[in-house]
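**Q** The residues making up each chain are set out below.
2 protein chains.
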Amino acid sequence: MNSLERHDLPLSKIPKRWYNVLPDLPRAPDDYLDPATREPVGQDFMERLLPKALIAQELSPERWIGIPEEVRAAYGLWRPTPLFRAHALERHLDTPAEIYFKYEGASPSGSHKLNSALAQAYYAKLEGIDRLVTDTGAGQWGSALSMACSLFGVKALVYMVRASFEGKPYRRDFMETFGQRVLPSPGPHTAYGRSLLEKTPGHPGSEATAVTEALETVRLNPGDRFSMGAFANHVLLHQTVVGLETREQLEDLGKQPDFLVASVGCGSNMGGFAFPFVGDKLAGADIGILAAEPAACPTLTSGEYRYDFADGSGLGPMARTYTLGHEFVPPPIHSGGLRYHGAAPLVGLARHEGILDSRAYAQKEVFEAGSLFARLHGLLPAPETAHAIRATMELAEECRRTRRRAVIVFCYSGHGLLDLGAYGSFNAGEMADAEPYECGLAAGDPALAGLGGR
Amino acid sequence: MNSLERHDLPLSKIPKRWYNVLPDLPRAPDDYLDPATREPVGQDFMERLLPKALIAQELSPERWIGIPEEVRAAYGLWRPTPLFRAHALERHLDTPAEIYFKYEGASPSGSHKLNSALAQAYYAKLEGIDRLVTDTGAGQWGSALSMACSLFGVKALVYMVRASFEGKPYRRDFMETFGQRVLPSPGPHTAYGRSLLEKTPGHPGSEATAVTEALETVRLNPGDRFSMGAFANHVLLHQTVVGLETREQLEDLGKQPDFLVASVGCGSNMGGFAFPFVGDKLAGADIGILAAEPAACPTLTSGEYRYDFADGSGLGPMARTYTLGHEFVPPPIHSGGLRYHGAAPLVGLARHEGILDSRAYAQKEVFEAGSLFARLHGLLPAPETAHAIRATMELAEECRRTRRRAVIVFCYSGHGLLDLGAYGSFNAGEMADAEPYECGLAAGDPALAGLGGR
Numbered sequence: 000m001n002s003l004e005r006h007d008l009p010l011s012k013i014p015k016r017w018y019n020v021l022p023d024l025p026r027a028p029d030d031y032l033d034p035a036t037r038e039p040v041g042q043d044f045m046e047r048l049l050p051k052a053l054i055a056q057e058l059s060p061e062r063w064i065g066i067p068e069e070v071r072a073a074y075g076l077w078r079p080t081p082l083f084r085a086h087a088l089e090r091h092l093d094t095p096a097e098i099y100f101k102y103e104g105a106s107p108s109g110s111h112k113l114n115s116a117l118a119q120a121y122y123a124k125l126e127g128i129d130r131l132v133t134d135t136g137a138g139q140w141g142s143a144l145s146m147a148c149s150l151f152g153v154k155a156l157v158y159m160v161r162a163s164f165e166g167k168p169y170r171r172d173f174m175e176t177f178g179q180r181v182l183p184s185p186g187p188h189t190a191y192g193r194s195l196l197e198k199t200p201g202h203p204g205s206e207a208t209a210v211t212e213a214l215e216t217v218r219l220n221p222g223d224r225f226s227m228g229a230f231a232n233h234v235l236l237h238q239t240v241v242g243l244e245t246r247e248q249l250e251d252l253g254k255q256p257d258f259l260v261a262s263v264g265c266g267s268n269m270g271g272f273a274f275p276f277v278g279d280k281l282a283g284a285d286i287g288i289l290a291a292e293p294a295a296c297p298t299l300t301s302g303e304y305r306y307d308f309a310d311g312s313g314l315g316p317m318a319r320t321y322t323l324g325h326e327f328v329p330p331p332i333h334s335g336g337l338r339y340h341g342a343a344p345l346v347g348l349a350r351h352e353g354i355l356d357s358r359a360y361a362q363k364e365v366f367e368a369g370s371l372f373a374r375l376h377g378l379l380p381a382p383e384t385a386h387a388i389r390a391t392m393e394l395a396e397e398c399r400r401t402r403r404r405a406v407i408v409f410c411y412s413g414h415g416l417l418d419l420g421a422y423g424s425f426n427a428g429e430m431a432d433a434e435p436y437e438c439g440l441a442a443g444d445p446a447l448a449g450l451g452g453r
Numbered sequence: 000m001n002s003l004e005r006h007d008l009p010l011s012k013i014p015k016r017w018y019n020v021l022p023d024l025p026r027a028p029d030d031y032l033d034p035a036t037r038e039p040v041g042q043d044f045m046e047r048l049l050p051k052a053l054i055a056q057e058l059s060p061e062r063w064i065g066i067p068e069e070v071r072a073a074y075g076l077w078r079p080t081p082l083f084r085a086h087a088l089e090r091h092l093d094t095p096a097e098i099y100f101k102y103e104g105a106s107p108s109g110s111h112k113l114n115s116a117l118a119q120a121y122y123a124k125l126e127g128i129d130r131l132v133t134d135t136g137a138g139q140w141g142s143a144l145s146m147a148c149s150l151f152g153v154k155a156l157v158y159m160v161r162a163s164f165e166g167k168p169y170r171r172d173f174m175e176t177f178g179q180r181v182l183p184s185p186g187p188h189t190a191y192g193r194s195l196l197e198k199t200p201g202h203p204g205s206e207a208t209a210v211t212e213a214l215e216t217v218r219l220n221p222g223d224r225f226s227m228g229a230f231a232n233h234v235l236l237h238q239t240v241v242g243l244e245t246r247e248q249l250e251d252l253g254k255q256p257d258f259l260v261a262s263v264g265c266g267s268n269m270g271g272f273a274f275p276f277v278g279d280k281l282a283g284a285d286i287g288i289l290a291a292e293p294a295a296c297p298t299l300t301s302g303e304y305r306y307d308f309a310d311g312s313g314l315g316p317m318a319r320t321y322t323l324g325h326e327f328v329p330p331p332i333h334s335g336g337l338r339y340h341g342a343a344p345l346v347g348l349a350r351h352e353g354i355l356d357s358r359a360y361a362q363k364e365v366f367e368a369g370s371l372f373a374r375l376h377g378l379l380p381a382p383e384t385a386h387a388i389r390a391t392m393e394l395a396e397e398c399r400r401t402r403r404r405a406v407i408v409f410c411y412s413g414h415g416l417l418d419l420g421a422y423g424s425f426n427a428g429e430m431a432d433a434e435p436y437e438c439g440l441a442a443g444d445p446a447l448a449g450l451g452g453r
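Protein chains in written order, with numbering that gives the first Met the number 0: chain A, 0 to 453; chain B, 0 to 453.
So here's chain A without its partners, still in its complex pose:
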């Protein structure tokens, strides 16, 4: 009896175009606002921030955007990725549901993040940009951008949350091996970092401090541009190669998905995986799209839909989306990639319009799911991915009770090889559940009135 069943696409089937969900959504996303004026951001503001090609993609009305041949060639390092059917998990759960997953774990950077990193590095090179500056928390995005910049011959500077910089030396070693510069945040290299360290020596940092330091650096260096690993529309656009391939693989199998499941920190893997099915759904296909979140940071499940800062300090644009409040600091769970206060605006909009649902899971049940999956299938999932596995198991158990032969497809966003310390703590019985988020505690904080950290 097979544990897994694999479905491949040939190299020639790497998508030639990214899919832009904007024209297919029931309404356009709300404008980004300039934090200083609260007016829609102007072209100048954006051009100091991002490569021009990405600005054009950010609000493009075109449904399809061509993938440059160089980016497609780089995707060929590991794409198209396999779609697997998880027979052993189905048997273990004794469910009539069919469980499939799209396997992004063979990416050489370890996750789906590389899909956008390669595109961003390519455009930076094309536009003669000296250096991309970014932030990284757990290190997945920083790793992907470092590798991509190395491939396209662009410099990268990564501000890495100090707690991770010190606690996850392998991630830092990875980025430096690709010749890129990694600085702890907060650190002495920016005015913001210095001010934080003065107030709180040994400050452990957060996504918010890292983004702010990156933005300050970009503002001071005309040759620099900012690079985002999630949030922005163009990042989700690049990630649609995941969903487009999945859609084609399911068609090859003659399968229609009943449920699509992905973890959501900010939303880049969810957007990339599920958006290519939104057209089908809005045209009447009965597809449930489920976001799996950590109970400690349940942005879509417990957040408010309103304008907030994307970063923690108010240097970048404001966006309308689900948020737990930009001053909310999620507890230190092991799924670093899901510790973000806000959702990508397009994922937030999709949630607001009822296109996707969300559920939140506690840390230990997530690691139980990840561990079980590894033993059944020989693949060790990242903690972020384990959230999607936990949600998939819940759906499959519901199908057992209702005897529904549903087709559930989840996104296996990345492998857990650099998260083994967390599995070790779980194996040793030393893992605790983080305090679950309490609705209203931070989300109700009317920080917007004062334009906080600005």
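Keep in mind that the hints are not guaranteed to be accurate.
Which copy is meant is left open, so a pair is good if it fits within one copy or across any two.
Listed next, the in silico DSS-like pairs over lysine-lysine satisfying Cα-Cα at most 30 angstroms (straight line) [unchecked claim]:
hint, residue 1, residue 2
1, Lys154, Lys363
2, Lys12, Lys124
3, Lys51, Lys15
4, Lys280, Lys12
5, Lys254, Lys12
6, Lys124, Lys51
Worth flagging that the hints you see were computed from the coordinates, not collected in a lab.
Fit chain B to the known structure of chain A by using the hints.
**A** Quick look at chain B alone, frame taken from chain A:
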């Protein structure tokens, strides 16, 4: 300009048979000897050690041995693996040579080791064996066997060199996440371990101590069998899926290899990669087969071809092959997988018969090669693999000087994600070259006369 060019085989092309080089070699390998009697080992001795199916494979005269359907299905987790052409490295070296590599780095355990681990776990299950007991140094083999045993529902017990057990917690976490037991060697669980710890408290262990503890455990537990990650003929047999796929991929491209390059610790990746071409070579094809070894442990380059113990203590069979002496303890280089005093007997025989050559490289030049390769190609090689890259670069540079348009193919045996600490030390300029092996220092030690540790 592409950095890489990828050549895939469809899932249906996973080999259906392993290739056994024995009948094609100019002469049969010398008998294994029972260490107690110095007579050829008997069937009883072998049956207490290994699953029956593996004993049959060990000395089979058949050129082709069928791969069980269950093993083939498990190979489908990641096989067939791609063959890449390394355009960027060719350009960087300004060489007329064409450089290809067989990419075993997408294996879910991280290396080629899984090819044999799955077969061994399958046969153990089939024969109702309770538990496989093994040794691991760097952790690649222990990881592969743990995962494979988990997939086939067999227990594994891994004796892990204590220095690695303590210094590489991720590897231990990996094996334990797959539900397997990992013990430090030496440790208090065996008489041999206790005796070592009594003499030398805090003994760091070595491959030799780990093998001895594994063999003692197997001897005391009738339901246990020993499992090897290299050395034995049957392990190299299982690894031939690597070379068989490579051969087919080169044929698809209309290419004949001029050089085949692989790193050699004991020889499982070299044997698996190059043996399927040995028939062509002996039939007259001009193929150079080059083993890349660490200068600190140059078994094929500086060892003697003679009978020696495969383990450090003389519990297992003796074999005739290249050896640096079973009491030689290689210095602590970062390529843990290459720290072994002896060569697999079939690789030793091939070297003795002039079928393959070897060269040895110092640690820093190896990490320079691995680092350069990562930056050019976006793939981070294991330190073991970086030896093959270093040798390939040397060949390609020779081709530049001689203007030879040779086709060089190397085996990318595994990724370096769990070796990032070593890259970190290299990046920080803190890596030193180990003392190179001095010919005769240990190899000349007439340990055989006394049957040492027995």
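**Q** Each of the hints needs a verdict: does it hold here or not?
**A** Results for each hint:
{"no.": "1", "hint": "Lys154 x Lys363", "result": "between (39 angstroms within a copy, 25 angstroms between copies)"}
{"no.": "2", "hint": "Lys12 x Lys124", "result": "within (26 angstroms within a copy, 39 angstroms between copies)"}
{"no.": "3", "hint": "Lys51 x Lys15", "result": "within (21 angstroms within a copy, 52 angstroms between copies)"}
{"no.": "4", "hint": "Lys280 x Lys12", "result": "within (24 angstroms within a copy, 37 angstroms between copies)"}
{"no.": "5", "hint": "Lys254 x Lys12", "result": "both (18 angstroms within a copy, 25 angstroms between copies)"}
{"no.": "6", "hint": "Lys124 x Lys51", "result": "within (12 angstroms within a copy, 59 angstroms between copies)"}
Consistency note: the structure conflicts with none of the earlier hints.
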